[in-house]
Every structure is written in structure tokens, then in C-alpha cells.
Amino acid sequence: MFAVYETVDLGIVSTVNQIDPSLLDILQGNHPVFVPDPIHGDSLYLYHAFGVQALNFRALLEGLAVALQDENDDKGGALQAELKKEQGVEVTPILSTFSVERR
Amino acid sequence: MRTSHRASLPQYSIDRQRRSVPSTYIHALQLFVEAKRDQTLQEGSSSAREFSVLYEYQHKYVTALVKQLPSGFPTQSQTVSIHPPTTIRHKPLRQGPFLLQPSPLTIEGSEGGDATDIIYAVLGNGESEESDDEAEKLGIVMIAYQDGKVDVCLDVDKVEARWEKKTVNTNFNIYLLVPALSLRCRILRMIYPCLLCMRRWTWGLCPR
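From first to last, the protein sequence lines stand for chains A and B.
Position in the first sequence counted from 1, then plus 256, gives you this note's numbering.
Position in the second sequence counted from 1, then plus 27, gives you this note's numbering.
Don't take every hint at face value.
Claimed, not checked - SDA-like, lysine to any residue: derived pairs with alpha carbons at most 20 Å apart:
1) K185(B) <-> E262(A)
2) K63(B) <-> V186(B)
3) K118(B) <-> E70(B)
4) K340(A) <-> P131(B)
5) K87(B) <-> F125(B)
6) K341(A) <-> P129(B)
7) K340(A) <-> E262(A)
8) K63(B) <-> Y84(B)
9) K340(A) <-> R314(A)
10) K340(A) <-> Q128(B)
11) K185(B) <-> K341(A)
12) K185(B) <-> F258(A)
13) K185(B) <-> E70(B)
14) K87(B) <-> H110(B)
15) K94(B) <-> P129(B)
16) K185(B) <-> A321(A)
17) K340(A) <-> D326(A)
18) K185(B) <-> E318(A)
19) K185(B) <-> Q128(B)
20) K340(A) <-> P112(B)
21) K63(B) <-> R76(B)
22) K185(B) <-> R76(B)
23) K63(B) <-> A188(B)
24) K340(A) <-> Y84(B)
25) K87(B) <-> P112(B)
26) K87(B) <-> Y52(B)
27) K185(B) <-> V48(B)
28) K185(B) <-> Q325(A)
Note that these hints are calculated values from the structure, not bench results.
Fair warning: this is a prediction, and the values are worked out from it, not measured in the lab.
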């Protein structure tokens, strides 16, 4: 099993909905693809039809790793406190190719 | 013309069990299994004893694979043809499909869409030498969907090679119900603080 930690919304649906909800069918042609950063092991890029987002998961994994270490050292509640911070994956938009042509 | 075309067809092996793999795969697997086995032997806790049975099986399996490799120290990787070991009586256990729990959220106004890509990520080693404990190896699995949704999952219950045998436990529910069985168990119980209503992400607050 996979423990679902969070769900990220890249905002594609809301952006398209603002213009015209009937356009949502174009998402059928969208095909997001992950590309790992060749230098930084904590970063990924997500390419899709409307641009590119950078995803960084260092803070998320380091926070959990420190909390787990503290739990091991019998500092109770460290993991609970860490989970309450709701530290998620950092999402940075680096390219938007979204454009609308109006007549 | 027709006969010459037919004659040029490759001869397929009748032995469907044989597979060609790079020899480095098997050497890497051997090192990995031996490292896991050595670590559980040092620990000696109850969960380590449970895993040590499993690692003995894995070790037996990989040893049988290594015996099929051509002798001599490998100077470079080569493709070798191997067959599944016959030294283990039990069949390998098929695992999966895996549940996503709790159910991922859906994006408002979207009907969902197909998943288009999946990636496994773990923080690179070598940056923090002193903390190469179990927590450091926590991996995440990310799944991207057509509508711009990304599910971020923690790989808390690592997949291990298992065989069909009653004493080797394969039911993940045990991890949830037996308290403090392992570190992974502890993460699971923190993520699902209320075992009765696992559907929701509650951060310790039971909605009931």
C-alpha cells in the first residue's frame, strides 16, 4: 500500500474553468510527465501541456526524517508535531504556456 | 520467396522461464540482500527476527542466481541468460496492486482523468553521513494525472520479495494492528490516528 500524504493541484482545471468550463475537454490531450533534476536529487520537474512546474521534496522528507529520529530517541510526540506542520512538496511554477486567443 | 522468408524467422526459445538480464543486476541484488540480512542479524529485535526469515529466503534465491553466472570476476557488465532458482520449493508471491490510502482527493470541477506518469524519489545519500538510519531511506511516490493533479505518497511499507508460505506474513493489516512492530508501523499509525475511520486525513482529530 501507499500512504497518501497530500494531493497537489497544479491549478489547470481552475484556470481553464475561469475562461470557459466547456473547454475542459482539452485536458484529454494533456499528458504530464516527470523529469528528475540531473543535479539536485531533491527536485523534479513536471512537464504538461500548459507549462512546467518544479517540485521540491527536501523539506518534506527531512522534516519526517528528523521527527522519526526523535521518536527513536524517545522524544515522544515529535512525529505528531511534524505532521501537524503540514509541510508539503514545494511547487514552483517555472514556465506557463497557457494562452487564450480571442476573436 | 515465401520459403526463404520463413527460413529467416528467429528461433524462439522453448524455455519460457529463461530471461536475459545484465549481470550487474544480480551482483547489485546480492549486495543489497546481504546488507539487509547483516543489519537484521545485528539488531535482534522481534521485528528484525521476523524479517530475518524473509531475508534468508532472499539470500537463498540470489545465491542460486549468482551460481548461474559465468565464473571469474566481472570486469564489465554482460547480458546473461538465467532461469528462476529451483532451490526454493514455494512459489514467489505476486504482490499488488497497491492501495492508495486514505483515498486521494479529487480536484473540484474535474472528472479526474487518467494517470499519466509515476516516479519514485528518495533523498540522495552522501549529504548527511551520520543519519543513514531507516528514516533517511523514506521514499516518496508521485503520480501525475491529466487534470494537473499530483498525488504524493509515502513508501512506508517497503515491498519485499516474498514467497507463498503461511509463516511469512503478507497481510499489511498486521502492521496497523500490532502496536510498535516496526518504525514503519509507527508512521502508519501516526498517519491514521483513528484506525476505525481510515477514510479521512484527520491529523489526530477523529471526525466522529
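Hint by hint, here is what the structure shows:
1. K185(B) <-> E262(A): Holds, at about 19 Å.
2. K63(B) <-> V186(B): 13 Å, holds
3. K118(B) <-> E70(B): 29 Å, violated
4. K340(A) <-> P131(B): 18 Å, holds
5. K87(B) <-> F125(B): With Cα atoms ~27 Å apart, K87(B) and F125(B) exceed 20 Å; violated.
6. K341(A) <-> P129(B): Between K341(A) and P129(B) the Cα gap is close to 19 Å, so the pair holds against 20 Å.
7. K340(A) <-> E262(A): 13 Å, holds
8. K63(B) <-> Y84(B): 12 Å, holds
9. K340(A) <-> R314(A): 17 Å, holds
10. K340(A) <-> Q128(B): 18 Å, holds
11. K185(B) <-> K341(A): 25 Å, violated
12. K185(B) <-> F258(A): Cα-Cα ~9 Å, so holds.
13. K185(B) <-> E70(B): 18 Å, holds
14. K87(B) <-> H110(B): Given that 20 Å is the threshold and the Cα spacing comes to 14 Å, the pair holds.
15. K94(B) <-> P129(B): 44 Å, violated
16. K185(B) <-> A321(A): 16 Å, holds
17. K340(A) <-> D326(A): Since the Cα atoms of K340(A) and D326(A) sit roughly 15 Å apart, the hinted pair holds (cutoff 20 Å).
18. K185(B) <-> E318(A): 19 Å, holds
19. K185(B) <-> Q128(B): Given pair K185(B), Q128(B) holds - Cα atoms ~15 Å apart, limit 20 Å.
20. K340(A) <-> P112(B): 48 Å, violated
21. K63(B) <-> R76(B): 12 Å, holds
22. K185(B) <-> R76(B): 17 Å, holds
23. K63(B) <-> A188(B): 12 Å, holds
24. K340(A) <-> Y84(B): 40 Å, violated
25. K87(B) <-> P112(B): 9 Å, holds
26. K87(B) <-> Y52(B): 16 Å, holds
27. K185(B) <-> V48(B): 24 Å, violated
28. K185(B) <-> Q325(A): 18 Å, holds
Hints 3, 5, 11, 15, 20, 24, 27 from the earlier list are contradicted by this structure; the remaining hints agree with it.
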